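Work the whole structure out from these sequences, hints included.
Everything in the sequence shown is counted per the UniProt record's numbering, starting at 1 for the first residue and increasing by one.
I should point out that these hints are in silico values taken from the structure, not numbers from a laboratory. Treat the hints loosely; a few may be bogus.
Derived Cβ-Cβ restraints for the label pairs, each shown as a range [claimed, not checked]:
#1 N255 <-> E65: 52 to 58 Å
#2 H37 <-> N255: 54 to 60 Å
#3 A63 <-> E186: 54 to 60 Å
No more than 30 Å apart at the CA atoms, straight line, and that leaves these computed lysine-lysine pairs for DSSO-like [unchecked claim]:
#4 K210 <-> K177
#5 K216 <-> K114
#6 K177 <-> K216
#7 K114 <-> K27
#8 K114 <-> K250
#9 K177 <-> K114
#10 K153 <-> K211
Treat the numbers as computed from the prediction; the structure is a model and nothing was measured. Even glycine gets a Cβ: it sits at the ideal position worked out from N, Cα and C.
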Amino acid sequence: MLKENFNDLISFLMVARERSFTKAAAKLGVSQSALSHAIRGLEERLELRLLTRTTRSVAPTEAGERLANSLGPRFADIERELDALSEMRARPAGNIRINAGEHAVDSVLWPVLKTFLANYPDINVEITVDNSLTDIVAERFDAGIRLGEQVAKDMIAVQIGPPMSMAVVGSPVYLAKYGIPTTPTELQSHRCINMRLPTMGGLYAWEFEKKGRQLKVRVDGQLTFNSLRQRIDAAVIGFGLACVPEDSVKTEIANGDLVRVLETWCEPFPGYYLYYPSRRQHTTAFSLLVEALRYQR
Numbered sequence: 001m002l003k004e005n006f007n008d009l010i011s012f013l014m015v016a017r018e019r020s021f022t023k024a025a026a027k028l029g030v031s032q033s034a035l036s037h038a039i040r041g042l043e044e045r046l047e048l049r050l051l052t053r054t055t056r057s058v059a060p061t062e063a064g065e066r067l068a069n070s071l072g073p074r075f076a077d078i079e080r081e082l083d084a085l086s087e088m089r090a091r092p093a094g095n096i097r098i099n100a101g102e103h104a105v106d107s108v109l110w111p112v113l114k115t116f117l118a119n120y121p122d123i124n125v126e127i128t129v130d131n132s133l134t135d136i137v138a139e140r141f142d143a144g145i146r147l148g149e150q151v152a153k154d155m156i157a158v159q160i161g162p163p164m165s166m167a168v169v170g171s172p173v174y175l176a177k178y179g180i181p182t183t184p185t186e187l188q189s190h191r192c193i194n195m196r197l198p199t200m201g202g203l204y205a206w207e208f209e210k211k212g213r214q215l216k217v218r219v220d221g222q223l224t225f226n227s228l229r230q231r232i233d234a235a236v237i238g239f240g241l242a243c244v245p246e247d248s249v250k251t252e253i254a255n256g257d258l259v260r261v262l263e264t265w266c267e268p269f270p271g272y273y274l275y276y277p278s279r280r281q282h283t284t285a286f287s288l289l290v291e292a293l294r295y296q297r
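Now the structure itself:
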């Protein structure tokens, strides 16, 4: 019975994870009808409904959730063992899945990968750009990238970037019209470009520190984004002030498109760390990537 169910179980796990037949079919490289047929056959053989289907969503039933939670880690272990066989090849090889936020990918991950992947053509890296605090174990990622203060204590964390600073910036036209704030509390009377937090859905409270004094300021404005690039563009156009990572606006500041304010209130904080479960055995390919990303002071 295992042989006839094996491929169908893989199909079920993909649908359960993606919560979508369309996305699962695309990742498996099969048609939606073939995928639906496989799931239906599995359910008939087990005499259990594994998925609840509506016109808008797909979700595991209680039995489906139990099966996914039980088999998911086992299939992940099989995949890792298959990747580990690549250790026997002359050249390092394998697949690595990483979850990281937009700015982390642009500032620390992608610059290293450009050279790393050219040096190791048999290593494949999949990057999921996600600004939320994703559970990398549940979503079967090999590693994630977060700010140091956000990494869980039970994870191995490797520093991969320097300390960071935020920058409050605005266009010369905006500042000439509305004035230059001299303290964080003055931001409450300015037009500011907000950031929507992906995890809780709230708005990011701008954080400041000066000589040990910490402040959080909630701001208002005409625009709210959950992405970095659009906040920078909106500030350049003159829609208001933006609070963004300093390195992301160096060019705009240098060429005069943006002016930095409240600089003395934006002290450095721990930068990005690559993190991964301590109990997981990793391949040579993964170890090579960790060393390539490790921050050299």
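For each hint, the structure was consulted:
1. N255 <-> E65: 52 to 58 Å: 53 Å Cβ-Cβ, so the 52 to 58 Å window holds.
2. H37 <-> N255: 54 to 60 Å: 58 Å, holds
3. A63 <-> E186: 54 to 60 Å: 58 Å, holds
4. K210 <-> K177: 27 Å, holds
5. K216 <-> K114: 37 Å, violated
6. K177 <-> K216: 25 Å, holds
7. K114 <-> K27: At roughly 24 Å apart (the allowed maximum being 30 Å), K27 and K114 satisfy the hint.
8. K114 <-> K250: The given pair, whose Cα atoms are some 22 Å apart, holds under the 30 Å limit.
9. K177 <-> K114: The given pair, whose Cα atoms are some 43 Å apart, is violated under the 30 Å limit.
10. K153 <-> K211: 28 Å, holds
Taken one by one, the earlier hints fail for this structure at numbers 5, 9, listed in ascending order.
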